[in-house]
Amino acid sequence: MPATLYIVPTPIGNLEDITTRALKTLESADWIAAEDTRHTQRLLQHFSIKTRTLSLHEHNEEKRAAMLCHRLQDGESVALVSDAGTPLISDPGFVLVRHCREQGIPVVPLPGPCAAITALSGSGLPTDRFIFEGFLPVKSQAKENRLALLTDRHATTVFYEAPRRVIATLKDIQKILGNERNVVIAKELTKAFESIISGRPDDVIQWLEAEPARQKGEFVVMVSPAPEQDTEIPAEALALLKALTEELPLKKAAAIVAAHYKLKKNALYQVGLTL
Numbered sequence: 001m002p003a004t005l006y007i008v009p010t011p012i013g014n015l016e017d018i019t020t021r022a023l024k025t026l027e028s029a030d031w032i033a034a035e036d037t038r039h040t041q042r043l044l045q046h047f048s049i050k051t052r053t054l055s056l057h058e059h060n061e062e063k064r065a066a067m068l069c070h071r072l073q074d075g076e077s078v079a080l081v082s083d084a085g086t087p088l089i090s091d092p093g094f095v096l097v098r099h100c101r102e103q104g105i106p107v108v109p110l111p112g113p114c115a116a117i118t119a120l121s122g123s124g125l126p127t128d129r130f131i132f133e134g135f136l137p138v139k140s141q142a143k144e145n146r147l148a149l150l151t152d153r154h155a156t157t158v159f160y161e162a163p164r165r166v167i168a169t170l171k172d173i174q175k176i177l178g179n180e181r182n183v184v185i186a187k188e189l190t191k192a193f194e195s196i197i198s199g200r201p202d203d204v205i206q207w208l209e210a211e212p213a214r215q216k217g218e219f220v221v222m223v224s225p226a227p228e229q230d231t232e233i234p235a236e237a238l239a240l241l242k243a244l245t246e247e248l249p250l251k252k253a254a255a256i257v258a259a260h261y262k263l264k265k266n267a268l269y270q271v272g273l274t275l
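Last residue of the sequence shown? That's 275 in the UniProt record's numbering, and every number before it is there in order.
Just to be clear, a hint being listed does not mean it is correct.
Simulated restraints, written as ranges between beta carbons of each label pair [as the list claims (entries may be wrong)]:
| no. | residue 1 | residue 2 | range |
| --- | --- | --- | --- |
| 1 | E62 | V138 | 21 to 27 Å |
| 2 | F132 | E194 | 19 to 25 Å |
| 3 | L15 | D202 | 54 to 60 Å |
| 4 | L250 | T127 | 33 to 39 Å |
| 5 | K251 | F132 | 50 to 56 Å |
| 6 | K171 | F47 | 28 to 34 Å |
| 7 | K264 | P2 | 32 to 38 Å |
| 8 | N145 | Q41 | 22 to 28 Å |
| 9 | N266 | F94 | 42 to 48 Å |
| 10 | R101 | H260 | 49 to 55 Å |
The calculated DSS-like cross-link candidates involving lysine-lysine, where the alpha carbons are at most 30 Å apart (straight line), are [what the hints assert, rightly or not]:
| no. | residue 1 | residue 2 |
| --- | --- | --- |
| 11 | K264 | K175 |
| 12 | K262 | K171 |
| 13 | K63 | K24 |
| 14 | K63 | K171 |
| 15 | K264 | K242 |
| 16 | K216 | K139 |
| 17 | K191 | K216 |
| 18 | K264 | K252 |
| 19 | K265 | K252 |
| 20 | K265 | K251 |
| 21 | K242 | K252 |
| 22 | K265 | K216 |
| 23 | K143 | K242 |
| 24 | K50 | K175 |
| 25 | K50 | K63 |
| 26 | K242 | K171 |
| 27 | K251 | K264 |
| 28 | K262 | K252 |
| 29 | K24 | K50 |
| 30 | K252 | K216 |
| 31 | K63 | K175 |
| 32 | K50 | K191 |
| 33 | K265 | K175 |
| 34 | K251 | K262 |
| 35 | K143 | K251 |
| 36 | K242 | K216 |
| 37 | K264 | K171 |
| 38 | K264 | K143 |
| 39 | K191 | K24 |
| 40 | K143 | K191 |
These are calculated hints, taken from the structure and not from any lab test.
Ideal Cβ positions, reconstructed from N, Cα and C, are used throughout, including at glycine.
Based on the sequences and whatever the hints tell you, model everything.
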């Protein structure tokens, strides 16, 4: 349709994964906005698609978004693609989509390949609740702070990682969460050397270190949920909490009782609010 922005997922490896609808959209659009036009041209040439392309990446997105909105308002259609997978999922496109929606320009997302979802579906980890973290911070302290959030997270966590950092990240997971949490890595999904490896952090680290070639490629890292804890609080702990709150602030009282009975401070604090 004219004056419409299409979000078009492209294969993450195997070209046969592109949909018929995606091919028709790329062929009929007036413009293809690509993260890297050289990379996208290889895909277009493979399917004999001659639609004009222009770049839209993290360094020019604000400027390109304004220009493309003008073209869309003039009745042209635009297909947005990233280098691989679904645009906007740890890839550029958010600014353009936001501008289009603010200006009443139709946005039509197409379903298709996504490395995070593909990896999760084959991981063997719980999928009823999961959180996608994108790429972890580069700086060590910021990364450790983010991983610390997984300590009490009762959902599978999914994130992307660069090959040069994957072992360091797994060692950080081991240091912060311990070696009992189940970890799954998926690399080179849909490609010739696709691998999905699961185990404790040290198992996965050993697998990666066994052969340098295993450390190459695109990685999805997944961490199992925190184990469910027994939330029942002993009656004596409740009695002590109630007595202490008559003399101390609730936060301090909860901390004392938690340390004495080896309980969760947050759980005691929440109970204390109802006393």
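Hint by hint, here is what the structure shows:
Restraint check, E62 to V138: a C-beta distance of roughly 23 Å satisfies the suggested window 21 to 27 Å. A C-beta distance of roughly 20 Å is found between F132 and E194, which places it inside the suggested range of 19 to 25 Å. For L15 and D202, the hinted distance range of 54 to 60 Å is not satisfied, since their beta carbons lie about 37 Å from each other. Between L250 and T127 the Cβ separation comes to about 37 Å, which falls inside the hinted range of 33 to 39 Å.
For K251 and F132, the Cβ-Cβ distance of about 32 Å falls outside the hinted range of 50 to 56 Å, so the restraint is violated. Look at K171 against F47: about 42 Å separates their beta carbons, and that is not inside 28 to 34 Å. Against the hinted window of 32 to 38 Å, the Cβ-Cβ separation of K264 and P2 comes to about 57 Å, which falls outside the hint. Remark: the range hint 22 to 28 Å for N145 to Q41 is contradicted by a beta-carbon distance near 40 Å.
A C-beta distance of roughly 33 Å is found between N266 and F94, which places it outside the suggested range of 42 to 48 Å. In this structure, R101 and H260 meet the distance hint of 49 to 55 Å, their C-beta atoms being roughly 53 Å apart. Pair hint K264 plus K175 holds up; C-alpha atoms about 21 Å apart against a cutoff of 30 Å. Proposed proximity of K262 and K171 is supported: the alpha carbons are some 27 Å apart, at most 30 Å.
Of the pairs offered as hints, the one joining K63 and K24 holds, with about 28 Å between alpha carbons and a cut-off of 30 Å not exceeded. Using a Cα cut-off of 30 Å, the hinted pair K63 and K171 is violated, with the two alpha carbons roughly 40 Å apart. Distance check on the hinted pair: K264 and K242 sit about 16 Å apart at the alpha-carbon level, within 30 Å; holds. With a CA separation close to 21 Å, the supplied pair K216 and K139 stays within the 30 Å bound.
Distance restraint check for K191 and K216: the Cα-Cα separation of roughly 13 Å lies within the 30 Å cut-off, and the hinted pair is therefore satisfied. Between the alpha carbons of K264 and K252 the distance comes to roughly 13 Å, so the proposed pair stays at or under 30 Å and holds. Proposed proximity of K265 and K252 is supported: the alpha carbons are some 10 Å apart, at most 30 Å. Between K265 and K251 the alpha-carbon distance is near 8 Å, which keeps this suggested pair within the 30 Å criterion.
At most 30 Å may separate the alpha-carbon atoms for a hinted pair to count; K242 and K252 meet this at roughly 12 Å. Restraint check: the Cα-Cα separation between K265 and K216 comes to about 42 Å, which exceeds 30 Å; the hinted pair is violated. For the hint linking K143 to K242, the alpha-carbon distance of about 38 Å lies beyond 30 Å, and the restraint is violated. Between K50 and K175, the direct Cα distance comes to roughly 51 Å. Violation of the 30 Å bound is thereby established for this hinted pair.
The suggested pairing of K50 with K63 holds, with an alpha-carbon distance near 25 Å, which does not exceed 30 Å. Pair hint K242 plus K171 does not hold up; C-alpha atoms about 42 Å apart against a cutoff of 30 Å. Proposed proximity of K251 and K264 is supported: the alpha carbons are some 12 Å apart, at most 30 Å. Annotation: proposed proximity of K262 to K252 holds, straight-line Cα distance about 15 Å (limit 30 Å).
For the given pair, K24 sits about 12 Å from K50 by alpha-carbon distance, which is consistent with the 30 Å threshold. For the suggested pair K252 and K216, the alpha carbons sit about 49 Å apart, so the restraint of at most 30 Å is broken. Proximity of K63 to K175 is assessed by CA-CA distance (about 43 Å); at most 30 Å being required, the pair is judged violated. A distance of roughly 26 Å separates the Cα atoms of K50 and K191; the hinted pair therefore holds under the 30 Å criterion.
For the suggested pair K265 and K175, the alpha carbons sit about 22 Å apart, so the restraint of at most 30 Å is met. A C-alpha spacing of about 16 Å is found between K251 and K262, which places the hinted pair at or below 30 Å, so the restraint holds. Restraint check for K143 and K251: the C-alpha separation of about 28 Å stays at or below 30 Å, so the hint holds. In summary, the hint linking K242 to K216 is not supported, as the alpha carbons are separated by about 56 Å, beyond the 30 Å threshold.
In summary, the hint linking K264 to K171 is supported, as the alpha carbons are separated by about 26 Å, within the 30 Å threshold. As the CA atoms of K264 and K143 are separated by approximately 24 Å, the hinted pair is consistent with the 30 Å bound. Among the hinted pairs, K191 with K24 is consistent with the structure: their alpha-carbon atoms are about 24 Å apart, no more than 30 Å. Distance hint between K143 and K191 is fulfilled; the C-alpha atoms sit about 29 Å from each other, no more than 30 Å.
Hint violations for this structure: numbers 3, 5, 6, 7, 8, 9, 14, 22, 23, 24, 26, 30, 31 and 36, all remaining hints satisfied.
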